[in-house]
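J.: Model the placement of chain R with the ligands on the given structure of chain F, informed by the hints.
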Amino acid sequence: MNVFFHFGRYFILIRRAFGKPEKFSVYRNRIFEEMNILGIGSLGIVAIISVFIGAVITIQSAFNFENPLVPIYAVGVAVRDSMILEFSPAIISLILAGKIGSSIASEIGTMRITEQIDALEIMGINSASYLIQPKIVACVVFSPVLVIFSMFLGIFGGYVFGVMTGVVTNYEYIYGITYNFRPYNVVYALIKSGVFAFIIASVPAYHGYYTSGGSLEVGRSSTKGVVYSSVLILTFDLILTQLLLA
Amino acid sequence: MIQINNISKSFAGRSVLKDVSFTFQTGKVNIIIGGSGSGKTVLIRSMVGLNEVDSGEVLYDGRNFYELNFNGKKEIRKEIGMLFQGGALFDSKTVEENVVFPLSMFTDLSESEKRDRANFCLQRVNLLNANHLFPSELSGGMKKRVAIARAIAVEPKYLFCDEPNSGLDPKTSIVIDNLIKEITEEYGITTIVITHDMNSVIEIGDHILFIYEGAKWWEGNKKEILKTDNKEIQDFVYATKFMKDLRTKF
Ligand SMILES: Nc1ncnc2c1ncn2[C@@H]1O[C@H](COP(=O)(O)OP(=O)(O)OP(=O)(O)O)[C@@H](O)[C@H]1O
Ligand SMILES: [Mg+2]
Numbered sequence: 001m002n003v004f005f006h007f008g009r010y011f012i013l014i015r016r017a018f019g020k021p022e023k024f025s026v027y028r029n030r031i032f033e034e035m036n037i038l039g040i041g042s043l044g045i046v047a048i049i050s051v052f053i054g055a056v057i058t059i060q061s062a063f064n065f066e067n068p069l070v071p072i073y074a075v076g077v078a079v080r081d082s083m084i085l086e087f088s089p090a091i092i093s094l095i096l097a098g099k100i101g102s103s104i105a106s107e108i109g110t111m112r113i114t115e116q117i118d119a120l121e122i123m124g125i126n127s128a129s130y131l132i133q134p135k136i137v138a139c140v141v142f143s144p145v146l147v148i149f150s151m152f153l154g155i156f157g158g159y160v161f162g163v164m165t166g167v168v169t170n171y172e173y174i175y176g177i178t179y180n181f182r183p184y185n186v187v188y189a190l191i192k193s194g195v196f197a198f199i200i201a202s203v204p205a206y207h208g209y210y211t212s213g214g215s216l217e218v219g220r221s222s223t224k225g226v227v228y229s230s231v232l233i234l235t236f237d238l239i240l241t242q243l244l245l246a
Numbered sequence: 001m002i003q004i005n006n007i008s009k010s011f012a013g014r015s016v017l018k019d020v021s022f023t024f025q026t027g028k029v030n031i032i033i034g035g036s037g038s039g040k041t042v043l044i045r046s047m048v049g050l051n052e053v054d055s056g057e058v059l060y061d062g063r064n065f066y067e068l069n070f071n072g073k074k075e076i077r078k079e080i081g082m083l084f085q086g087g088a089l090f091d092s093k094t095v096e097e098n099v100v101f102p103l104s105m106f107t108d109l110s111e112s113e114k115r116d117r118a119n120f121c122l123q124r125v126n127l128l129n130a131n132h133l134f135p136s137e138l139s140g141g142m143k144k145r146v147a148i149a150r151a152i153a154v155e156p157k158y159l160f161c162d163e164p165n166s167g168l169d170p171k172t173s174i175v176i177d178n179l180i181k182e183i184t185e186e187y188g189i190t191t192i193v194i195t196h197d198m199n200s201v202i203e204i205g206d207h208i209l210f211i212y213e214g215a216k217w218w219e220g221n222k223k224e225i226l227k228t229d230n231k232e233i234q235d236f237v238y239a240t241k242f243m244k245d246l247r248t249k250f
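Chain order of the listed sequences is F and R. First residue of the first sequence? That's 1 in my numbering, and the numbers climb one at a time after it. First residue of the second sequence? That's 1 in my numbering, and the numbers climb one at a time after it.
One chain only, chain F, in its complex shape:
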């Protein structure tokens, strides 16, 4: 029962969030503001994690491919495919669910308990669309940027560490990452990450929006927002992979 209640209320909120904006110019500015906070503000953490994971995958797969039957350029293939297929779209999304999700839920939750949302409503503003829609739009629009950025940096990190430590040569790595490359995989990754971005923005926003009580409940909403969006990301990862790749 509880699940249906939350689903119903979630969809009603999202529908309200995509109602007609009161004033277009204000919304446009809000979207840029959110892109700056949620998107640009995440570049740093995405860069660091991607470079390191690319490097780790390179070293690990070189270590595992010591069998003479496996060509050493397979390291490049492994880094490329793990970054493009899973790491950049899904794992980065999980990390962002923690970073962005908790900030969205606590921001909106605090606005709820300090009556700022009521103040918006009383002014005749659709608070759901004013607060939530720009966050969703910013996340979804910015997600391809983050994903492609992460793919490049992961593959680049693998290259630098692989060549530096000598587990793979310059030529083999480049050969590996171009070997049998399927552009469709990137499309698949972008579709996935778009869906995840929607979840990352909307689920914590939902939990924040329906906070009631005090600061304790804001913390609780923030935790719930992160946990539920992570679980949903993993669920949709499975569903979309089955639909798009199988």
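A couple of the hints might just be wrong.
Okay, the calculated beta carbon distance ranges per label pair [unchecked claim]: (1) F:Ser25 to R:Gly140: 31 to 37 Å; (2) F:Lys20 to R:Ala215: 37 to 43 Å; (3) R:Ser136 to F:Lys20: 41 to 47 Å.
These are computed hints drawn from the structure, not numbers from a lab. Computed from a predicted model, the values in this text were never measured in an experiment. We put the CB at the ideal spot given by N, CA and C, even for glycine.
T.: Leaving out everything else, chain R with the ligands in the frame of chain F:
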């Protein structure tokens, strides 16, 4: 004119408002008084639809608020200025941005016109040189005054103030009281003020509603309230010995 008819409201089975009916008059300062926890805040939140009521109706110049859909309610809300008991300032915006915000949303004024209007309102609440501070950098009374400036920025037809001068010093209190009375009369606003402050009641109260444990206990004007024999009101009005002594002198 705002008319409320038979409003009842309970939270989880506990009755907070009991069949309250009243008419708030246009161009007058209508005051709601009552003890702490008597249901004043719940009443005005219900009137603007922030709480759902169990029964009753609210008419804004004849327009039945609860029967309107989301967009219809929005249209009436655009005519409402509201001061929340806690201020409810947007804490990501500066003082000036808070006051400019409703103007950006609903008017086509230029940036400098909006700023002029905001400064005019801030000046009227006696708040100068605070334009670029954030709410977290303000004192309680300053927050209240910014919230009042924001509520009157769009020239509302209906003004709701939940304890406008709690937390203000007596002098600023009088400034705010006078401001509320002035704009109410000047623009013909239907103003509702919740207060605990008997000074304000006597100073600006044209029409008074006394709520006792969620029910309308008494209504009248400021002359009548000093003379009534109603025991609960006497307890409220003459709560201090000083006031009691005053009454015996009348
Ligand atoms: N959201 C809520 N859930 C449950 N009970 C509530 C809620 N809001 C208010 N109440 C209850 O309703 C009663 C009236 O509260 P209200 O805030 O209207 O008091 P008030 O008259 O404004 O008091 P004060 O002068 O102290 O502000 C209180 O007993 C309060 O506990
Ligand atoms: Mg109150």
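J.: Out of the numbered hints, which ones does the structure contradict?
T.: 3
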